[in-house]
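Peer 1: Here are the chains, one letter per residue:
2 protein chains.
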Amino acid sequence: MIHGGDILTYKNMYDGDIIDFSSNINPLGPPECFNEAVNHAVREINRYPDIKYRELKKEIGKYLGCSEGQVIVGNGAVEIIDNISSLFNRVIVSIPCFMEYIIRPKVIGKDVVMVDSLRDFSIDERGLIEKIGAGDLILLGNPNNPTGKRIKRDVLISIQREAERRGAYILLDEAFYEFCPPDYDSIEIFRGCSNVFVLRAATKLFALPGIRLGYACVPEEFAVAYNRRALPWSVNAFADAAGRAVLKDKDYIKRTKEYIAEQREYMLKELGSMDFIKTYNTVSNFILIKLLVGDEDSLFNYMIKQGILIRKASSFAGLDKSYIRLAIKSTPNNQYLIKCLTQFRGHISID
Amino acid sequence: MIHGGDILTYKNMYDGDIIDFSSNINPLGPPECFNEAVNHAVREINRYPDIKYRELKKEIGKYLGCSEGQVIVGNGAVEIIDNISSLFNRVIVSIPCFMEYIIRPKVIGKDVVMVDSLRDFSIDERGLIEKIGAGDLILLGNPNNPTGKRIKRDVLISIQREAERRGAYILLDEAFYEFCPPDYDSIEIFRGCSNVFVLRAATKLFALPGIRLGYACVPEEFAVAYNRRALPWSVNAFADAAGRAVLKDKDYIKRTKEYIAEQREYMLKELGSMDFIKTYNTVSNFILIKLLVGDEDSLFNYMIKQGILIRKASSFAGLDKSYIRLAIKSTPNNQYLIKCLTQFRGHISID
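For the record, the sequence lines run as chains A and B. Oh and the first sequence: position 227 is 1516 in our numbering, straight run, nothing missing. Oh and the second sequence: position 4 is 1293 in our numbering, straight run, nothing missing.
Keep in mind that the hints were calculated from the coordinates and are not lab data. One should not assume that every hint holds.
[As the list claims (entries may be wrong)] Keeping only pairs whose Cα atoms sit at most 25 Å apart, straight-line, the calculated DSS-like set for lysine-lysine is:
#1 A:Lys1441 to A:Lys1420
#2 A:Lys1395 to B:Lys1300
#3 A:Lys1628 to A:Lys1579
#4 B:Lys1341 to A:Lys1395
#5 B:Lys1300 to A:Lys1347
#6 A:Lys1399 to B:Lys1300
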C-alpha cells in the first residue's frame, strides 16, 4: 500500500533534503515539552510501561473531556481502527477515504461496503443509511482524508440515530480534528450515546508520527471489550511519556490552529487562482487538488526534481490519476511549493 | 491477564523502591549506545519511520545471520505471535507456557490445542506430534517461560520434520535465547526449512521492555505474507533507532551471558539448598520454583513487605498456587532475595 511520508523511497531522485508535502504533519514541529518527556522515558526504559496506562489515560481523559475509563490507547490510530473493526460484522466506508479503512478490515476478513461520495466529496447520507445493518461499523474520517472535509453536524447526528436504531456503530477518525476551525466536538454531542467511538491521535497534531500514539473516547463497557482484544503493552514507553506531556500544552495547540488557518488561507487562495488545477476547499491541514491537464505522474516527477514530495492520490479508492494531495506546511515551504507549481504551469499548454 | 513487571499495582504495599523479580529483564540495564540511538530518533521524530524498516531489517539480518528479506519486525514479540497465529488454522502449545501463546490465538478466534508437559516440564514429543494437523502452528518457547528449559536439539528436529510432513508450521519464541549457554542456533539448523519461524526480541536482552521491538527470521515468501497482515508503522522510531544500534554491541551481549551464567549458578545453588522449595533447573534468566509449604500468596505477601515483587505462577495454564517464578537480577538484589527467602523459612514450620 502507498502512504505519504515515504521519503526514503525517493531520496535518490533529488540531491538535497526533500520537502515532504506527502504527509500531513504539523509544520511547527514537536512541542518543547516533548524533550523532557523523552528524558523521563529514558530514565525508566528498563521497566515495562504500565500495562494499564493509568496515568496516560487520565491525561487523555482530561484533554478529551471524558472519564479515564472511556479512554482506549493504541500503537497509532491505525491499530485502534484495526482492533475496533475486528469486533464488528462489516465495515461501511464513504469513499474516497484513508485506505487503511478498507485494507485493514479486509486483511482481518471483514466485508467492506463502500458508499460513493465522489460527486462533491460530501457524504451521501441517504446512500450510506440505506446500507446500515445490525452489527455494522460505520467508519468515517472527520475531517476526511484526502478531501479535508468535516461531516456536517446535522448529517452526523442523523447517521448516528439511524445507526443506533439499526444496531450499528460509528467510528469517527478525527486524527486531524485539532487542525480544523472550531465547529462542533463529536465527543460532546455524542456524550451518553452507546454506539459512537471518537478516535484522535498525537501523530499529526504534535508532529510526532514516530512515537505511535492513538487514543479514542468510547463507552466504558466497550473499553472493557476493546482492552481484551488489544495487545498488551501496545503503547511504547516514549509514546506513554509523550502523551502525558504534550496534551497539556494548550499554547502549542492554539499556535497550531492559528498557523494552519493562516497558511490554509494562503494556499487555498494561491492554488485557487491556478488555471490548470481544481482546488477543493478544506478545513484541515491538507488540500486535495485535481489536475486539469496531465496526471499525477507528470507533476510528481517534476516536483521531485525540485525537491518536493507530493502525494499521488490515485491509490485512494474512487480517485484517478488526476488527483494530488498536498500538505500545508511552513510559510517558506508553502511559498516554494506555489513557486514550483507556477513554474510547472509554464511548461504545459492548455487547449 | 496477569503479567510480570506490574509494579504500579503494588507500589502502595511498600514504602520505597520495589525490586522487580517478576519480569525477566537484563540486570545490566540498557547498553550505553542506546542513548545515542534515542538522540538520533528525537532528531528525526517529526518524520514517519521508514514504513519498510529497511535499515533496521538489514542490521537484524546481519545479527541473526539471515537475509534482510527474511526479517520481519513488530511492536514487541507479542505482536508477531498475534499476527503469525492469525495466518494458521489452529495453534498447538506445550503447557506450561507464556500465556499469550494461548490468549492471543483465542482472542482472534483460533482453536488452541494444549499438550501437557507437566510431568518434568520437558516437551512431550510423542503427545505433541500426535496432535499435528495440516495448517497448524506449533508455538513453543525456547527456552520456555516459565520453566527456563531449552528444547533438546534432537526433539526439535524431529518435531520440525513431522510438522513438515503433515503440512504444519513451527514458531519458536526465543525471546530469552541470548541468556542461555550456547547449545544450538535454531536459525542455523533450520536454514532452508520452509516451515520454521524463529522469533527473538530486544526487550529482555537489552533491558528495553519499553521500546517494544520484536523480530523474527522467517522464509522470504512468508515474510511477504506477514507484511501484508501487519499494521503499517508498527515499530516506533525509538525502537527502529535502538534496534539498529544495540544489536552491534557484541561486548554487551558477551558481558550479559557471563553475568547471567554466574548469577544463575549462585541462585540455583542457594535456592537448591532450601528445604521448603523445589527448584527447577534453568538455562535462562529466570527460575521456576515449587513451594513445598504454603502457597504463592503467602510468599508474595511476605516478599512485597520486604520490597520484592515476585511472579505468582498459578496464572500459567497447568500450574497451581504452589509455583513461583523468580528473575535472575543483579548480585546485590539476588543476595537480598536469598536473605529474605531464608528469613521467610524462619517463620514457617515444615511437618
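Peer 1: Run every hint past the structure and note whether it holds.
Peer 2: Going down the list of hints, with the structure as the test:
{"no.": "1", "hint": "A:Lys1441 to A:Lys1420", "verdict": "20 Å, holds"}
{"no.": "2", "hint": "A:Lys1395 to B:Lys1300", "verdict": "43 Å, violated"}
{"no.": "3", "hint": "A:Lys1628 to A:Lys1579", "verdict": "18 Å, holds"}
{"no.": "4", "hint": "B:Lys1341 to A:Lys1395", "verdict": "21 Å, holds"}
{"no.": "5", "hint": "B:Lys1300 to A:Lys1347", "verdict": "18 Å, holds"}
{"no.": "6", "hint": "A:Lys1399 to B:Lys1300", "verdict": "43 Å, violated"}
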